[in-house]
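> Chains as they are written, first to last, in full-length UniProt numbering: chain L, 1 to 268; chain R, 1 to 300.
Keep in mind the hints are simulated off the structure, nothing from the lab.
In this text the structure is predicted, and so the values were computed from the model without any measurement.
One thing to keep in mind: the hints can contain errors.
[Stated by the list, open to error] If you want the footprint, here are the derived chain L segments under chain R, 3+ residues with CB under 8 Å:
(1) 14-26
(2) 47-61
(3) 231-245
Ideal Cβ placement from N, Cα and C applies to all residues, glycine included.
Chain by chain, the residues run as shown.
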Amino acid sequence: MPSERAPVSLKIAAGAGLLFLHLPILLIFIYAFTTEDKSYQWPPPGLTLKWFAVTWGRPDVWAALRLSLQVAAISTAVALVLGTLCAAAVSRAHFFGRETVSLLVILPIALPGVVTGIALRSAFHIAEIPFSFWTIVLGHATFCVVVVYNNAVARFRRTSGSLIEASMDLGADSFQTLRHVILPNIATALLAGGMLAFALSFDEVIVTTFTAGQQQTLPIWMLEELVRPRQRPVTNVVAMVVVLVTLLPILGAYYLTRGTDAVAGQGK
Amino acid sequence: MRALSDTLWRRPRLTIALLLAPPLIWLGVVYLGALAALLVQSFFSIDHFTGQINRTFTLATYAELFRASNFDIILRTVVMAALVTLASAVIAFPIAYYAARYARGRWKALFYLGVMMPLWSSYLVKVYSWKLILAREGILTWGAAKLHLTWLLDGWLALPVVGGNSLSVSATGTFIVFVYVWLPYMILPVQAALERVPPSMLEASGDLGAKPFQTLRHVLLPLAMPGVVAGSIFTFSLTLGDYIIPGIIGSSRRFIGQAVYEQQGVAGNTPLAAAFAMVPILIMAAYLWAAKKKGAFDAL
Numbered sequence: 001m002p003s004e005r006a007p008v009s010l011k012i013a014a015g016a017g018l019l020f021l022h023l024p025i026l027l028i029f030i031y032a033f034t035t036e037d038k039s040y041q042w043p044p045p046g047l048t049l050k051w052f053a054v055t056w057g058r059p060d061v062w063a064a065l066r067l068s069l070q071v072a073a074i075s076t077a078v079a080l081v082l083g084t085l086c087a088a089a090v091s092r093a094h095f096f097g098r099e100t101v102s103l104l105v106i107l108p109i110a111l112p113g114v115v116t117g118i119a120l121r122s123a124f125h126i127a128e129i130p131f132s133f134w135t136i137v138l139g140h141a142t143f144c145v146v147v148v149y150n151n152a153v154a155r156f157r158r159t160s161g162s163l164i165e166a167s168m169d170l171g172a173d174s175f176q177t178l179r180h181v182i183l184p185n186i187a188t189a190l191l192a193g194g195m196l197a198f199a200l201s202f203d204e205v206i207v208t209t210f211t212a213g214q215q216q217t218l219p220i221w222m223l224e225e226l227v228r229p230r231q232r233p234v235t236n237v238v239a240m241v242v243v244l245v246t247l248l249p250i251l252g253a254y255y256l257t258r259g260t261d262a263v264a265g266q267g268k
Numbered sequence: 001m002r003a004l005s006d007t008l009w010r011r012p013r014l015t016i017a018l019l020l021a022p023p024l025i026w027l028g029v030v031y032l033g034a035l036a037a038l039l040v041q042s043f044f045s046i047d048h049f050t051g052q053i054n055r056t057f058t059l060a061t062y063a064e065l066f067r068a069s070n071f072d073i074i075l076r077t078v079v080m081a082a083l084v085t086l087a088s089a090v091i092a093f094p095i096a097y098y099a100a101r102y103a104r105g106r107w108k109a110l111f112y113l114g115v116m117m118p119l120w121s122s123y124l125v126k127v128y129s130w131k132l133i134l135a136r137e138g139i140l141t142w143g144a145a146k147l148h149l150t151w152l153l154d155g156w157l158a159l160p161v162v163g164g165n166s167l168s169v170s171a172t173g174t175f176i177v178f179v180y181v182w183l184p185y186m187i188l189p190v191q192a193a194l195e196r197v198p199p200s201m202l203e204a205s206g207d208l209g210a211k212p213f214q215t216l217r218h219v220l221l222p223l224a225m226p227g228v229v230a231g232s233i234f235t236f237s238l239t240l241g242d243y244i245i246p247g248i249i250g251s252s253r254r255f256i257g258q259a260v261y262e263q264q265g266v267a268g269n270t271p272l273a274a275a276f277a278m279v280p281i282l283i284m285a286a287y288l289w290a291a292k293k294k295g296a297f298d299a300l
C-alpha cells in the first residue's frame, strides 16, 4: 500500500531529472568567468572578470540588445491588446466558431517555428514587403498573443458575470464597468501574460531568422556566434546575462498568478 | 458615450463582433494569409536550369520529397522525434509523479519553479550550454576520464550513425539536446494528469493485493497516458520543426527544419522548402486528430 513517504528510487529519479534540467544552465555561469578564450576547456584554467568589461565595451552587443528590447516591447503591447480582446469575447459567450477562434490563437505556437517563419517570409516576398523592424514585430506579436490570451481567459473565467451585472445595476455604463470593475480584476493576469510575452519575444530566434533580414536581435547575434564562434568569452557573458534577464519576468509572472487555478506560463 | 454603452449592452453579439474583429483580422491576415502563401508556393516548381520559379500548378515538387535523399531526411526526423518523445516521457514521469503525489507546500512550489525556469530559459543559451558540455575538451570528456569510462565514450563515438568525432557533432548529441530542451513540455501535462489521480485509487489497488509495480503498471500509467500524449504533441512537433539544434550540435545528416531553411535560403528553391514545411504540418494534423480521439486535450 502506498505510504505518504516517497520510495527512495522515486526520489532519486526525480532528483536526477531536476539536476539534468538545471546543471547545464549553472555551467554557463562558471564559463562566464573562465580565462580560456580559444576552446570550451573544462575545468577552466583560471577565473577572471575581464570578459565582463570586454562585453560592456562591445557596440554590436548593445545594438542587438536594444533591437531585441524594442521588438519585445512593441510585440508585447500588440499581443496584450489582441490577446485581451480575444479572451474577453471567448469567455463572454458561447458563439458559433468559438473553438475555431481558440485554435487560431494557439496555432502560431502549436505549429513548428520553422513553418511560421517560412510562411511569413513567403508572404512578405509575395506582397513585396522589405524586411524591417516591423516585419520582426509582425511575427513576434502573432505568436505572443497566445500567452496573453491563456492568462486572460483563465482570469475572465473566474471573474463572475454577476459582478459586471451588479456594476451595471448600480448605474455604471459599459466603459465605467470596464475601467473600475473588469480591468482591476484582470490586471495581474494581464501583467503576467505581458511579462511572459516579453520573455518569449526577447528569446525568439527561429521565426526571427526568417523575418529579420540583415538585422540582428540578441538571439540572432548569439546564433551567429554559435555557428561561427569568434568571441567565445563574450558569448559566455551574454549567455549568462540573458539567463538572468529572462528569469525576472518568469518569477514575476509566477508570483502574480500564484494561488489561482491557472498559473501563468504553463503553455509556452 | 452613454448611448454607445447602452447599445453595446443591449446587443451582445455586436459587442463580441467588435471585440473579436482586431485579433481575428490580425491573425487571419498575417498568420492564415502567410500559411496560405506557403501552401500556394508548395504547388509551384523551380526550373532547375534557370533557377526561376514556375508559377503554374504542379505536384512535381511534392514528388521530389520522395526522392531517396529527401525521404531520408523526413524519415530521420520522424525517428528522432519519436525517440525524443519516448525518452522525455521516461525522464518526465518520476519528476511529475513526485511533484503531483508527494511534494507539498514549499516543495511543491519549488518543483514547479524547477520545471518552469528551464522551460522559459533562453532556448539558445540552453543549446549553447550543451555545446560546452559535449565539446571534446568539455566537462563530459573530463568526467568520463575521472570515472575511468573513457573507453565507453570512445566506443560509443566509434559506432556508426550515432557516433562521430565528438559528442557535439554526433546524432547522440542532437538527441540529448532535444530531450533536454523539450523535457519541461512533457513534465507539465503529465503532472497535470497525475494530479487528478486520487490517492485512494492507488490504496485500493494495494488493498486488492497489487504489488507496487503492478499498481504502477495497471493503474498509474494508464491514468497518466492522456498527459503523456498531450506532452508528446509538444515534444514531437517541436522536434519535427527545429533546425537550430541539429545545425549546432549534430552530424552533417540533415533534418526537415534544416532542409526547409537551406532550400529557401541558399538553394533559393522556395517551392521545395514550402513542400518540406507541409510535412510537419500534415504529420501534426494526423497526430492531433489521433490525440483528440484519446482525449488528450483535457490534460493540457
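> Each hint should be assessed against the structure and marked as holding or not.
Checked hints:
no., hint, verdict
1, 14-26, "holds (count 8)"
2, 47-61, "violated (count 0)"
3, 231-245, "holds (count 4)"
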